[in-house]
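Asks: Chain by chain, the residues:
Protein chains: 2
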Amino acid sequence: MIICKLISEVRQIVKDQRANGRSIALVPTMGFLHQGHLTLVEEAKKSGAFVVMSIFVNPLQFGPNEDFARYPRDLEQDAQKAAGAGVDMIFNPEVDEMYPTRNLTYVEVGELGDTLCGASRPGHFRGVTTVVSKLLHCVQPDRAYFGQKDYQQYLIVRQMVQDLNFPLEVIAVPIVREEDGLAMSSRNVYLTPEQRTEALVLQRSLTEAEKWVHQGERSAQVIAEQIKAKITNETSGEVDYVEIRSADDLSALATLQGKVLIALAVRFGSTRLIDNKVLEGL
Amino acid sequence: MIICKLISEVRQIVKDQRANGRSIALVPTMGFLHQGHLTLVEEAKKSGAFVVMSIFVNPLQFGPNEDFARYPRDLEQDAQKAAGAGVDMIFNPEVDEMYPTRNLTYVEVGELGDTLCGASRPGHFRGVTTVVSKLLHCVQPDRAYFGQKDYQQYLIVRQMVQDLNFPLEVIAVPIVREEDGLAMSSRNVYLTPEQRTEALVLQRSLTEAEKWVHQGERSAQVIAEQIKAKITNETSGEVDYVEIRSADDLSALATLQGKVLIALAVRFGSTRLIDNKVLEGL
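Heads up: the protein sequence lines correspond to chains A and B, in order. In terms of full-length UniProt numbering, the first sequence is residues 1 to 282. In terms of full-length UniProt numbering, the second sequence is residues 1 to 282.
These aren't lab readings, by the way, just hints derived from the structure by calculation. Be a bit skeptical, because a hint or two may be false.
For identical chains, the list gives no copy identity; a pair is met inside one copy or between any two copies.
[Stated by the list, open to error] With a straight-line cut-off of 35 Å between C-alpha atoms, the simulated DSBU-like cross-links for lysine-lysine are:
{"no.": "1", "residue 1": "K81", "residue 2": "K5"}
{"no.": "2", "residue 1": "K230", "residue 2": "K149"}
{"no.": "3", "residue 1": "K46", "residue 2": "K81"}
What you are looking at is a predicted structure, and each value in this text was computed from that prediction instead of being measured.
Based on the provided sequences and hints, a complete structural model is requested.
Replies: See the structure below:
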């Protein structure tokens, strides 16, 4: 497995692979890899592509009071895990390589980025779409893989790729969970043992919501309120949002129908966790 | 010469040319071609590339009270001129092909787009950078050619390409003028014969400003005021702006030094014309 720090190296290697007839797959990550990331790699490998994993903690998508500085990093372990999963090349640029001069250009996906996580993290998705644009231009993949835990991010990237005619396919990969149900996240390491136990309420409440829907409940408000009550009653978690939206375009829904996203964000201490469930065919 | 209306066709043809070892050059235009456009093509031909000219009047870069509807169009004559100049393919999409669904995504180059022409045309450069991004993703050229008459546009596109790591080179081509000195523009056809004569004051005042500089004048304010006075005294033109800026980043200059842009925009009736001069080595 190759580890590249420079964009020029990445371009050359990708060009050589293409000349050899390989297609290119990109798995963009911020590192501190877990099984969720490795599942993206597994999916990417299925196509026979040369698999590039970017590992870059992107300052542009963190707010001034967010965890950019303390975001967990461990390149050595990441490299072992990536190699084990069959990654062909890691692209691990320094911040100066990605932003050598003051960045003036931003890619924005309007209203899709202002809601849900965007409402409590102003500028976050603008940072994501800008760095993803940069990574796509550095690697020029045929396919890029995104995890559905960050469902809003996946929708936004998909919209950006469609609107701007990026020549690639965006592929969503289902959430990977720990054995006890917690959605995998690099931020789970922030949790104390007590918070780690409390955090199980996210998956539990989503599963319960699915039951309510199967029993006939169709009111978005009722379901959202019940989830909030459950989280607040059973744990010390502070609800950032619980929202029921169209899974196609995040538009508000009063009544559940079609393909529906139940998305939530909850703080345990200073750690903000997200989770979601997509229900289809309602 | 091929004429394509569909992005899928363009992609396939470009791919085939690449497979044959040709590099790709893009000359983005809004059509109604004049010698300025054809000079871009001449430059593009020099590299031996397969030359794609896009002809697309982009609604996104026109304000609600601007001339989108009446912007001059003449594909038949454009095709003749382009073929004569050696264009290999015209890409002439319908608006629906470029914007099949409601566009949510914009590319913005912050402050560079808010000044000069951006100040009197809010949203204009956002429309330009967004459509240029789309065209670059459709054609995937190695080089793209822009005329220096739209100097601010060239700087903005160059900045965007640098900031977002688009894998291509942006090339600026000097202004082409009519025999009497008027900078070529598709909008010149809007001018009445009287306005056409009055409009010569643009080039005249820029040439005179250059003389003042060679005679030692270094005050940006003095030069700008003298140009404004000249335009207002000699013609019915209404000055939108006369600005002296750094030609590298459009930053304001009190004293002329280094590489300097003298840029102006003047209305004759409802027709807004722009022109500029770059002075180097001050």
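Asks: Each hint needs a verdict: does it hold in this structure or not?
Replies: Status of the hints after comparison with the structure:
1. In this homomeric assembly, K81 and K5 come within 35 Å of each other (Cα to Cα) only inside a single copy, at 18 Å, whereas the closest approach across copies is 46 Å.
2. For the homomeric pair K230 and K149, the shortest alpha-carbon distance inside one copy (21 Å) is at most 35 Å, but the shortest distance between copies (63 Å) is not.
3. Only within a single protomer do K46 and K81 lie at most 35 Å apart by alpha-carbon distance; the minimum there is 18 Å, versus 49 Å between protomers.
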